[in-house]
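Asks: For the sequence shown, our numbering gives the first residue as 1, with consecutive numbering after it.
No lab work stands behind these hints: they were computed from the structure. Warning: the hint list may mix true and false statements.
[Unchecked claim] Each computed SDA-like pair below joins lysine to any residue, with the alpha-carbon atoms no more than 20 Å apart:
#: 1; residue 1: 257; residue 2: 330
#: 2; residue 1: 258; residue 2: 184
#: 3; residue 1: 258; residue 2: 37
#: 4; residue 1: 257; residue 2: 273
#: 5; residue 1: 344; residue 2: 309
#: 6; residue 1: 62; residue 2: 43
#: 7; residue 1: 62; residue 2: 155
#: 8; residue 1: 20; residue 2: 330
#: 9; residue 1: 328; residue 2: 283
#: 10; residue 1: 258; residue 2: 38
#: 11; residue 1: 308; residue 2: 341
#: 12; residue 1: 257; residue 2: 325
#: 13; residue 1: 328; residue 2: 291
#: 14; residue 1: 104; residue 2: 69
[Said to hold, decoys possible] Have a look at the derived ranges for each label pair, beta carbon to beta carbon:
#: 15; residue 1: 111; residue 2: 73; range: 51 to 61 Å
#: 16; residue 1: 310; residue 2: 266; range: 23 to 33 Å
#: 17; residue 1: 73; residue 2: 98; range: 33 to 43 Å
#: 18; residue 1: 196; residue 2: 304; range: 18 to 28 Å
#: 19; residue 1: 196; residue 2: 301; range: 11 to 21 Å
#: 20; residue 1: 310; residue 2: 12; range: 14 to 24 Å
#: 21; residue 1: 248; residue 2: 10; range: 27 to 37 Å
#: 22; residue 1: 249; residue 2: 290; range: 15 to 25 Å
The beta carbon of each residue, even a glycine, is placed where N, CA and C say it ideally should be.
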Amino acid sequence: MSHPVAQEIPPISVQSLTVKAQPFVLQTTLPGRIEPVRVAEVRARVAGIVLSRDFREGEMVKAGQILFHIDPASFRMALSRAQGDLARADAALSDAQAVLRRYKPLVDISAVSRQDFDNAQTTLKTAQATRQSAYADVQAAALNLDYATVRAPISGRIGRALVTEGALVGQNEATPLATIQQIDSVYADFQQPVTDARRLRASFEGAADTQSVGKNQIISLTADGSPETHEGRLLFSDITVSRDTGQFLMRGEFPNKKGALLPGMYVRIHLTQAVDPDAILIPQRAIHRNSEGTAQVFVIGADSTIEKREVTTGVMQDSRWQITRGLKEGDRVVTGGTVSVGLKVREANEASTARIEHKEPLNTARN
């Protein structure tokens with residue numbers, strides 16, 4: 001009786017890649033909002049009727065530029081009155097000084113009583129105080145007259161006028177007249193969940209050469225509907241976490257010479273959070289998980305047989321997982337095909353982690 005001759009199963013064709021260490025730049029995209037570097041509310045500092053508006057709404061203004069004129073008539077009269085009071089105080093002071101000069105030599109020879117001499121000294125001190133008060137009144141009146149001409153406190157773009165000619169302003173309050181925003185450079189405020197930041201730090205703890213990021217790092221942003229990318233720098237990360245949102249505030253500064261970034265605009269911030277110069281990266285489809293959720297990959301051994309290996313994943317970006325433990329440079333990882341442990345395989349093609357374009361998903365066969 002003849003027995004059938006056992007035939008050796010030919011190697012199964014699979015797709016694979018050879019692991020190579022490469023720089024891994026972890027970049028996060030976060031929503032943000034544009035804020036001006038400086039904001040100044042132009043307010044009426046004296047009460048009166050607005051006589052004129054001397055700017056065009058929406059234009060660029062310079063610090064010190066005249067924006068409004070408030071009727072100065074009452075302030076001119078107040079200044080003239082204060083100047084008159086100062087002149088009287090100067091005259092009284094001169095008279096008191098002259099009397100004291102005459103009395104000083106006479107009191108020594110008892111030609112003038114000590115009481116008259118003391119009264120002359122008191123009169124001089126009173127005249128000096130009156131003169132000082134009158135001088136302060138002149139300064140205040142002159143300041144109010146100057147406030148009747150409303151000037152820009154900072155350079156920037158001015159918005160719409162909040163009052164019109166003929167309006168009564170400054171009556172019992174500092175009436176807002178307009179708002180100026182300085183947007184030659186702008187801030188972008190954004191928030192990051194503290195849980196994400198903690199997870200990212202933990203993912204990179206295993207890499208001794210990991211480069212962390214911090215103040216003054218280069219960041220970029222894109223505005224909705226615009227392909228243009230703007231580069232800036234990170235100014236700070238807040239030192240406290242919001243109790244309500246579990247996030248902490250971050251702020252970047254961006255040049256804005258063209259004025260394309262406007263206050264209140266929503267943008268997307270692209271933040272590089274870490275750089276691992278020797279990262280191990282494999283495509284997402286090369287990883288599968290067991291019933292306990294442990295990440296595993298199939299590795300092709302030296303004899304072209306399949307081995308199963310547990311790995312520790314870090315973070316995923318652009319459909320690639322960072323592997324922090326379980327793989328090393330030179331390992332060959334199965335990325336496509338039906339495989340099982342111990343199966344002999346033939347690699348259909350081989351690629352580095354930098355060029356992964358296989359479309360066929362990885363299927364696993366259980367023994």
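Asks: Would you mind marking each hint as holding or not holding in the structure?
Replies: Against the structure, the hints:
1. 257 / 330: 49 Å, violated
2. 258 / 184: Roughly 8 Å between the alpha carbons, so the hint for residue 258 and residue 184 holds.
3. 258 / 37: 15 Å, holds
4. 257 / 273: Not satisfied, since the Cα-Cα distance of roughly 27 Å exceeds 20 Å.
5. 344 / 309: Holds, at about 16 Å.
6. 62 / 43: 16 Å, holds
7. 62 / 155: Holds, at about 4 Å.
8. 20 / 330: Judged against 20 Å, a Cα distance of about 6 Å means the pair holds.
9. 328 / 283: 15 Å, holds
10. 258 / 38: 17 Å, holds
11. 308 / 341: Satisfied, since the Cα-Cα distance of roughly 6 Å is no more than 20 Å.
12. 257 / 325: This hinted pair is violated, its Cα atoms lying about 47 Å apart.
13. 328 / 291: Not OK: residue 328 and residue 291 at ~25 Å, beyond 20 Å, violated.
14. 104 / 69: 54 Å, violated
15. 111 / 73: 51 to 61 Å: Hint holds: Cβ distance 54 Å, inside 51 to 61 Å.
16. 310 / 266: 23 to 33 Å: The hinted range 23 to 33 Å is violated for residue 310 and residue 266, with Cβ atoms some 43 Å apart.
17. 73 / 98: 33 to 43 Å: 38 Å, holds
18. 196 / 304: 18 to 28 Å: The hinted range 18 to 28 Å is violated for residue 196 and residue 304, with Cβ atoms some 41 Å apart.
19. 196 / 301: 11 to 21 Å: 37 Å Cβ-Cβ, so the 11 to 21 Å window is violated.
20. 310 / 12: 14 to 24 Å: 23 Å, holds
21. 248 / 10: 27 to 37 Å: 58 Å, violated
22. 249 / 290: 15 to 25 Å: For residue 290 against residue 249, whose Cβ atoms are near 40 Å apart, the range 15 to 25 Å is violated.
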